[in-house]
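Each chain is listed here by its residues.
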Amino acid sequence: MTELREVDHDWAVTRPAVLRDALGVGIATGAYGLSFGAISTASGLSVLQTCFLSLVLFSGGSQFALAGVVGGGGAPMTGAATALLLGVRNGFYGLRLSGLLRLRSWQRPLAAQIVIDESTAMSVVRTSRPAARLAFWSTGISVFVLWNLATVIGAFAADALRDPRVLGLDAAAPAAFLALMSPRLRSREPRIVAAVAAVVALASVPLVPTGVPVLLAAAVAVVFGFGSTRREPDDEPLAPEEVNA
Amino acid sequence: MWPAVIVASLGCYAIKLVGLSVPQKWLANRRVMHVANLLPVALLTALIATQAFTSGRHLQIDARAAGLLAAVIAVRFKAPFLVVVGLACLVAAVVRLAA
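Chains A and B, in that order, give the protein sequences. Under this note's numbering, the first residue of the first sequence is numbered 1, with each subsequent residue one higher. Under this note's numbering, the first residue of the second sequence is numbered 1, with each subsequent residue one higher.
FYI, nobody ran anything at the bench for these hints, they're computed from the structure. Glycine residues also receive a C-beta, built at the ideal position from the N, C-alpha and C atoms. Wrong hints could be hidden among the right ones.
Claimed, not checked - Label-pair distances were calculated between CB atoms; the ranges are:
| id | chain 1 | residue 1 | chain 2 | residue 2 | range |
| --- | --- | --- | --- | --- | --- |
| 1 | A | 166 | B | 32 | 44 to 50 Å |
| 2 | B | 14 | A | 199 | 29 to 35 Å |
| 3 | A | 166 | B | 77 | 24 to 30 Å |
| 4 | A | 110 | B | 76 | 33 to 39 Å |
| 5 | A | 141 | B | 2 | 23 to 29 Å |
To be verified - Okay, the calculated bits of chain A under chain B, using three or more residues with CB under 8 Å as the criterion:
| id | region |
| --- | --- |
| 6 | 17-27 |
| 7 | 111-120 |
| 8 | 163-170 |
Unchecked claim - Here are some chain A residues pointing at chain B (derived, C-beta under 7 Å):
| id | residue |
| --- | --- |
| 9 | 48 |
| 10 | 49 |
| 11 | 51 |
| 12 | 59 |
| 13 | 79 |
| 14 | 89 |
| 15 | 182 |
| 16 | 183 |
| 17 | 221 |
Make the full structure from the sequences, and use the hints.
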């Protein structure tokens, strides 16, 4: 990874490539949205509640968790708590994204709604700020539109789609995240962090409530980030007075 | 049901907004910024691992692992995004059908 550039000199190439990928990510998560719509209504949520979740909550993992807890006979508020726990990672994404995107204050409430795994993963791998911004907005909007459209269709076609595993759709999300993250995994430190994070998350799954393993992985990033004294090449340049502030 | 739906939805939106609104001054420290850089990597790989290898609160190797393996190979060969995802679904579906 090179230093983040303020100007993208290959914009004529970068722009269509980013937009094409954003649409691709939207289509892939849309396919997953079909199964959310179906599973959510099968779990006892109404079509309106299902669509409300996709519009307002808009974070796949949290939505599936809520529907899963309710469908499994759990109390709705337990489902809400699990959804919130899973949603905490979006807050961590925001920490990284705000410096990358440099949003104006009026843009922030809009941008917040589309801070999700996909828009973050597409944005943080870019080498220029304009590309990072374009990747964030185009992916966020593409996923938002297609996810909501798919939710409605899935909610009404519940019977045909109740078991998305038959279509292998449960393999879609991990494969998508892998494809999105792979550019970041070329240098050594992110690779080590990724490997340790995966091991920590898997090892803790049987021991802690749903949602917590991913947060323990965040602790791995904190430990490595504070522990390493080396200047990483993909760090953003800092003004001298900001260093060690 | 509605109270839970509304609490989860507004809460998750608030979490996103708070993350974006943390003053940049707080993040200006080089190490803090380094942590912020590594957070998406750690979180997304943890998600990959838990979504591919767990079921509820148990570890489980099934067709999803085969799908993920197919995705790894496709990424190695620099396949386009939709090909990676489509191939993973296809392999998972076929392995599940065969099992």
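Status of each hint after checking the structure:
no., hint, verdict
1, A:166 with B:32: 44 to 50 Å, "46 Å, holds"
2, B:14 with A:199: 29 to 35 Å, "31 Å, holds"
3, A:166 with B:77: 24 to 30 Å, "27 Å, holds"
4, A:110 with B:76: 33 to 39 Å, "37 Å, holds"
5, A:141 with B:2: 23 to 29 Å, "28 Å, holds"
6, 17-27, "holds (count 4)"
7, 111-120, "holds (count 6)"
8, 163-170, "holds (count 6)"
9, 48, "9 Å, violated"
10, 49, "5 Å, holds"
11, 51, "10 Å, violated"
12, 59, "6 Å, holds"
13, 79, "6 Å, holds"
14, 89, "5 Å, holds"
15, 182, "5 Å, holds"
16, 183, "10 Å, violated"
17, 221, "4 Å, holds"
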